[in-house]
Amino acid sequence: MRTGWNVAEVISVKSETRQARTLRLRLPGLTGHRAGQHVDVRLTAPDGYTAVRSYSVASALPGDELDITVEELDDGEVSPYLVRQVAVGDQLEVRGPVGGWFVWDPSDASPVQLIAGGSGVVPLMAMLRAHAADGTDAGYAAPFRLLYSVRGPDSVFYRAELAELAASPLVEVTFIYTRTSPPGSSTPPGRLDAATLATSVLPPTDNPAVFICGATAFVETVADWLTQAGHSPARIKTERYGGTGTRP
Amino acid sequence: MSDRVSADPGYDYLDGNAAAGPLSELFAVDITGARGRCAHCGRTDVLATARMYPNSHGLLLRCPGCTEILLRLVDTGDCVRLDLHGLSYLELRRL
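Top to bottom, those sequences are chains A and B. Going by the working numbering, the residue at position 78 of the first sequence is 78; the numbering climbs one at a time, nothing skipped. Going by the working numbering, the residue at position 54 of the second sequence is 54; the numbering climbs one at a time, nothing skipped.
Okay, chain A solo, but in the shape it has when bound (with noise of 0.2 angstroms):
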């Protein structure tokens, strides 16, 4: 684990949404990360003040590198700066990756059932890529699903790459649209709901391990109907993104 602050520099940018960025960063030192973590960004303004927030890692690569997914909050105080401003050849004071409860262990075989509410799918991308990186842990063998709840195609991350890894007969994804469906879909776009998200998912017979990203209260709801549903608690891990979101 790398501690304390440590100076990143932005080797590329990628437009997800109108309203998400990829920045790849590179920290010196860095000899790889776990899927899931996440890495904290300090900003500082002239006058000292300085603002930190958690972004999780997007990325599953080996070396000094790795991508974080941003969103940007309209009354965001850091999220702004990294979507709209920040260039290639930048620098940001980052501490991490860091975190090593909510990240997917590749020795574990069992099967694997994530759920993204909104841009909580970035360390659930992590995961999926890790996975698709096909090493030889019993867990690059394991089936994994994604059950990814978002507003509207337009707000999907990852669409291209998502459809990619849906290819391999390991993967499945599947989008709940709560405001938009795509063009020519004829289910009318809802939130996700207890039937839907029993019927979307691994059965708790398979013993899945579950991860949950999103809003806090999208968590907690889906975390409850799982339980209510027969998983077991000791097999859901969550990351809760604070009070910005809604209930699916």
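Simulated from the structure, these hints should not be mistaken for laboratory data. Heads up, some of the hints might be wrong.
Here are the simulated distance ranges between beta carbons [what the hints assert, rightly or not]:
no. : chain 1 : residue 1 : chain 2 : residue 2 : range
1   : B       : Leu84     : A       : Asp90     : 36 to 44 angstroms
2   : B       : Cys41     : A       : Gly135    : 18 to 26 angstroms
3   : B       : Arg35     : A       : Ala229    : 25 to 33 angstroms
4   : B       : Thr67     : A       : Gly184    : 45 to 53 angstroms
5   : A       : Ser186    : B       : Arg43     : 42 to 50 angstroms
6   : B       : Val29     : A       : Ser107    : 14 to 22 angstroms
7   : A       : Ser186    : B       : Leu82     : 36 to 44 angstroms
8   : B       : Arg43     : A       : Ala194    : 21 to 29 angstroms
9   : A       : Asp47     : B       : Cys41     : 39 to 47 angstroms
10  : B       : Leu84     : A       : Gly135    : 56 to 64 angstroms
11  : A       : Ala87     : B       : Val80     : 30 to 38 angstroms
Since this is a predicted model, take the numbers as computed values, not measurements. The C-beta atom is built at its ideal place from N, Cα and C for all residues, glycine as well.
Got chain A sorted already, so can you dock chain B onto it with the hints?
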């Protein structure tokens, strides 16, 4: 994880996961993956599952069972104070 705004006062907390960065400056191992026992209600769980309340000068971790304070970190810039009296023990696995 992302910028956060406490728009809904009922959900103004994050996971203990989010405390991993600040705590990584004090501990050689990831403490958020350790199991801790709440000194108030006796609930024992991984610190990553605690409720984290960030504030301008540090953070609080509260027990998800009884909401009492498990851990309080106050950072004054030149000094960091860690109050652990809400935890009767911490258990770390050797890797």
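Structure-based check of each hint:
1. B:Leu84 x A:Asp90: 36 to 44 angstroms: Holds - the Cβ-Cβ distance for Leu84 (chain B) and Asp90 (chain A), about 38 angstroms, lies within 36 to 44 angstroms.
2. B:Cys41 x A:Gly135: 18 to 26 angstroms: 41 angstroms, violated
3. B:Arg35 x A:Ala229: 25 to 33 angstroms: 26 angstroms, holds
4. B:Thr67 x A:Gly184: 45 to 53 angstroms: Distance hint for Thr67 (chain B), Gly184 (chain A) holds at roughly 48 angstroms.
5. A:Ser186 x B:Arg43: 42 to 50 angstroms: 47 angstroms, holds
6. B:Val29 x A:Ser107: 14 to 22 angstroms: Given a distance of about 19 angstroms, which is inside 14 to 22 angstroms, the answer is holds.
7. A:Ser186 x B:Leu82: 36 to 44 angstroms: 56 angstroms, violated
8. B:Arg43 x A:Ala194: 21 to 29 angstroms: 26 angstroms, holds
9. A:Asp47 x B:Cys41: 39 to 47 angstroms: 43 angstroms, holds
10. B:Leu84 x A:Gly135: 56 to 64 angstroms: 38 angstroms, violated
11. A:Ala87 x B:Val80: 30 to 38 angstroms: 33 angstroms, holds
Hint compliance for this structure: hints 2, 7 and 10 are not met, and every other hint is.
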